[in-house]
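So the sequence lines, in the order shown, correspond to chains A and B.
If you're matching positions, the first sequence starts at 14 in the numbering used here and goes up one per residue.
If you're matching positions, the second sequence starts at 2 in the numbering used here and goes up one per residue.
Treat the hints with care, since some could be wrong.
Coverage of chain A stretches by chain B, computed from C-beta distances (three or more under 8 Å per stretch; other residues unrestricted) [to be verified]:
1. 37-46
2. 49-55
3. 164-177
4. 181-194
5. 262-269
6. 273-287
By construction, these hints were calculated from the structure, which means they are not laboratory data.
Cβ atoms here follow ideal geometry from the backbone N, Cα and C, with glycine treated the same way.
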Amino acid sequence: MAGKQSQAQRMLTPVGGDPLTRRILLAVVLVVSAFFLLAPLVLIFASALSQGLDVFLKNLTEPATVYAIWLTLLTALVVVPINILFGLAAAWTVTKFDFPGRTLLIALIELPYSISPIVAGVAYLFVYGTQGLLGPVIEQLGIKIMFALPAIFLASLFVTAPFVARELIPLMQVQGTDEEEAAVTLGASGLATFIRVTLPNVKWAVVYGAILCNARVMGEFGAVSVVSGNIRGVTTTLPLQIELLFHDYNVVGAFTASTVLAGVALLTILLKVVLERFGGDEVGSGPRLH
Amino acid sequence: MSARRKSVIPGFGLALGTTVLYLGVIVLLPLCALIIKATDVGVAQFWMILTAPRTLAAIRVTATMALAATAFNAVYGLLLAWVLARYRFPGKRLLDALVDIPFALPTAVAGLALTALFAKNGWFGAPLDAFGMSVAYTPLGIAIAMAFTSIPFVVRTVQPVIEDLGTDVEEASRSLGASDWQIVRKVIFPSIFPAFLAGCSLAFARCLGEFGAVIFIAGNQPMRTEIVALLAFIRLEEYNYGAAAAIACVMLAMAFAMLIVTNLIQVWHLRYLGRGD
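One chain only, chain A, in its complex shape (with noise of 0.2 Å):
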């Protein structure tokens, strides 16, 4: 009898369900990510506030600091709307109609992801710099480019641009075109389509790709310093002044820093957490490849 139930249970029981193995994996799995996940965040709060308070707050209102965080946010400004509408653009042509060559522009969509940032930055360089190929006829117009605010934007373009177009293109494939077919029988226009029928089934899947694509303009680093020229007080974003901060050896300014975009960082998550909620099926539906 008493071999019977516990023949029952074992059946029952998945895979690494004992309790024996699940608090060993448990146990491991728990403490690596405390030690690889955890404590890296813990310490660069810990460190800006080694000093206390009042010195964290002097280093977060230095004007180079200032300065920085301001053109953190101005590139942001310009880029994530820009890559909202390229996303959408995106994601609707590839999603609402069929034409050869469909799969190469998903792929071509999807390969910014794929470049290294430094790949990224040294070829905006041979674009746009005194030696590349447009520099001399930028030259001759007068425009700065290079080592200056358009570079910054550019390179951070580059890098972004897949994000939104990324969380739409699963979405909207499973959504397919009935809805849009139906609106545009009915007689609605194109625009009035997208407005009122396509926009509102993703608008959740836009937002968050819009955060996404936020957190990692106003983290960019690899490409922005090598198109920025890394001139101080005029081309240094927020994760450039951090360098410049570190290689001064003010580290505790560093970390400082640091702690504006580990708090966008953590906000980040925690919408994300609420969008997955309130968004349900809209976000993150799609295979998570990537």
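Fit chain B to the known structure of chain A by using the hints.
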């Protein structure tokens, strides 16, 4: 023009035009410029740049440490995905959110934090130093930074597959008398293997291109702890544009190779799931 016949939805031209124009200006133009610049160098010179001892050392360090980081993430990521998908425990939501930290935290910030953690006087560096182990400013530090920035790839690729994995096959094999280990080996692992492989290759690709997190902790000594991305950056700062272009081109080629590998695995994975086309 067959597209227009198939779809009654208007706006194809505008949407396609916008997408192609944007991709052309923002993505393709710079990449073409890079390749043109690299071809300017000439084959002999290109070969010389690539086979220079410093370049070879940088490629070797980058590739081996990326492999080491991916190996660590393969084990830890798989366990993490398993625990998140199969177990219920207090703080599970927190752990799940924690997995996204490496993606949300800027790489420069992550690099700075990891350097401080593993420096000789750091929280982890000091006890490790007592055992005569140093991490910061050694190749091991590079591997740790790479592992940190790429761990979500493995977890987020494998986790949904484990969640979707029904328990019916598992129960069937159990009723036929299979042991836990047999079930893991013959039922569970084969079903998650394609996703696992895809996650690992994404993680590896990310490791190869990582810059911000690595350069803080690496110490950046030529021939020893210098990564390829940094070497490209240094050549630019030396105004050696040809060498920078050549090295960047090699990185681009590596990225393309990894992209193809990952896509092949994903196609296989989708077919495996029975929803491929």
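The hints, checked one at a time:
no., hint, result
1, 37-46, "holds (count 7)"
2, 49-55, "holds (count 6)"
3, 164-177, "holds (count 4)"
4, 181-194, "holds (count 3)"
5, 262-269, "holds (count 3)"
6, 273-287, "holds (count 10)"
Checked against the numbered hints given earlier, this structure breaks none of them.
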